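*Asks:* Given chain A, work out where chain B should sit, using these hints.
Those protein sequences? They're chains A and B, same order as listed. Counted the way this note's numbering counts, the first sequence spans residues 1 to 390. Counted the way this note's numbering counts, the second sequence spans residues 1 to 327.
Treat each hint with caution, since some may be false.
[As the list claims (entries may be wrong)] With a cut-off of at most 35 Å between alpha-carbon atoms, the simulated DSBU-like pairs for lysine-lysine come out as follows:
no.	chain 1	residue 1	chain 2	residue 2
1	B	K112	B	K35
2	B	K18	B	K183
3	B	K5	B	K48
4	B	K35	B	K183
5	B	K217	B	K35
6	B	K183	A	K263
7	B	K35	A	K349
8	B	K35	B	K18
9	B	K5	B	K35
10	A	K263	B	K18
11	B	K183	B	K221
12	B	K183	B	K5
13	B	K102	A	K263
14	B	K18	A	K349
15	B	K5	B	K25
Simulated from the structure, these hints should not be mistaken for lab results. Computed from a predicted structure; not experimentally measured.
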Amino acid sequence: MTQQPTGETPGFGPNLVEVFGPSQQDGGPELIQLLTPEGERVHHPEFDHDFTAEELRGFYRDMVLTRRIDTEATALQRHGELGIWAQLLGQEAAQIGAGRALRPQDFVFPTYREHGVAWCRGVDPLRLLGLFRGVDQGGWNPDDNNFGLYTIVIGAQTLHATGYAMGMQRDGVVGTGDPDRDAAVVAHFGDGASSQGDVNEAFIFAASYNAPVVFFCQNNQWAISEPIERQSRIPLYQRALGFGFPGVRVDGNDVLATYAVTKAALQRARDGQGPTFVEAYTYRMGAHTTTDDPTRYRLSGDVESWKLKDPIARVEVYLRRNGLVDDEFLAGIQAEADDLGHTLREGCKAMPDPQPMSMFDHVYAEMTDELAAQRDAYAAYLETFEGSTH
Amino acid sequence: MATQKITLAKGLNMGLRKAMEADDKVLLMGEDVGKLGGVFRITDGLQKDFGEDRVIDSPLAESGIVGTAVGMAMRGYRPVVEIQFDGFVYPAYDQIVCQVAKIHFRSQGRVKMPIVIRIPFGGGIGAVEHHSESPEAQFAHTPGLKVVACSNPVDGYWMIQQAIACDDPVIFLEPKRQYHADKAVLDESVTPEPLFTSRVVREGNDLTLLAYGPMVKTALKAAEAASGEGRSVEVIDLRTLSPLDMAPVLESVRRTGRAVVTHEAHVNLGMGAELAARITEECFYSLEAPVLRVGGFDTPYPPSRIEEDYLPDLDRVLDAVDRSWEF
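If we strip away everything but chain A, and leave its shape as in the complex, we get (with noise of 0.2 Å):
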């Protein structure tokens, strides 16, 4: 049985409900809000941001346009055209937000989940594919959007961004105070990955190092089947202080503040002052990819209860009410979204298999004689069969 933390007075060291506060279910006191669910603007003392009608707009089109890639890929899945897909459908703000408090030179360790980071760092969607098809493990040049490539270890990445960042305290590009120069790592993982090992090593060495990187944990309650109080008996966002860094909690289905929580951070990191824990509390309104079936282990009023929160809705409703769109440019963004799926479907669907002898191709840098051996062998082999034509 799990036992959460209670009221009653432990025999050894202090009330953790005292120490943490009650149960997380509602995001807690802590939750650093700047637009309800509602679509209320509220306004906060440490995080907050004077949003243009331009950013708001671009934020609900990118959100849009990035629950349609989900939901394109989501159906090629179904199709056939790809092997698996993994869903991000309900935490479009939190990516949304943590992608476009980027700068061109901070870099992102992804997950196998972060297709709005993406979107925002400019890779093409359809390279997102190739992964979840099988014609590829990763289809874009890291270096050319700054962007890493999934990674499906869970926790493997960041480490990796851990050790990026301290690359970039070597390369002098930390703490110049010069905004072009100056640059960031973001770490992205979820509930399940901070029971890992790698993760609490990346907040130990990011610790000891001050390192400019910025661990952005998606609390979207699951981790396939098992639920966020399997992973930890505190809030996620509490356990940094542990580690000596700031953590704080943002409602992941905000866009407004997971964007100015996210900036803030990667400030932070930039100026030099070390890492920072950014706990984004959201929801997984999906299954964990396609082949998961949710309704073995989750009640279907908590999913309904989070539809309310719909990341997407409330700044719709605010843009609106403030009479910062039109039903011209809603639909304009409608159409967008619709070439955008009818271009990933064909272009998925027209995606060619690799080459098989190109799997000997990458496995070094500097090819081995024997492992060029075996390919030429291989290579002989299939010359045998009628026809070939590799």
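*Replies:* Using the frame of chain A, we list chain B on its own:
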């Protein structure tokens, strides 16, 4: 250029220094590599001369060391990581096998991983558990990694520089019981052989004895002893375990018709198994006897008071040489 007599520890230290002087992207990372100079003093004096940004004392977390090295490599650095002892590499195994070894492949050649992972390996130093192991086969079995083992001071000096210059990740195995054991003359004006090559270190006509790392010394002694019995044993220092440099091995076995492989690692599925298979495939009609293996037993590394029974020694190697003539 002057010549000097150096130990393996000194050769490695000098090689690391050379590499750091040649390329300011070369960084050293590991536990106690800074002020202490490493528990074996291989990095002695380097932090003092190159600074804390280039000789980095790390937290005690091997996965963290290798994982952050990956990130630094992505940023354009050439990290040289020290794993303090062979048996401590396993917390980093996931990062080595799933990330270091695969990122070049995963990225279709766009991201290079010029990382050297130095591992003092092998036993015979009277240490406690986890300090005497030979994990080379685990890494040689992993596509994307290259694995080498030096056996002497001069090779240590050159091979570490060559490994650092290599654009692929290299598992660099150092025979820890040789660190301070013997001295050899280093002549820096001599051009070294390429890194991924094996070398005949004693010529012979009757049997080919294959060894690497700490067993090269034992193999040479065995060859000397065998010559007293009228058997001419050729000894090859493999030096590279992945890729294997089979050409000198095959050439030798075709001449001698007999082969024995020796290593400290467990025999089961060890380097000897791979060598035996390849020799058999390539030299089947030249063989007078099956390829024999002499290695550690398929037990965990035992308590040090009985490690001499576990480690293949001169007599066990000679016993295998004798058995080769029983077929």
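*Asks:* Find the hints from earlier in the document that the structure breaks and name them by number, from lowest to highest.
*Replies:* Hints 6, 7, 10, 14 are the ones this structure does not satisfy, whereas the remaining hints hold.
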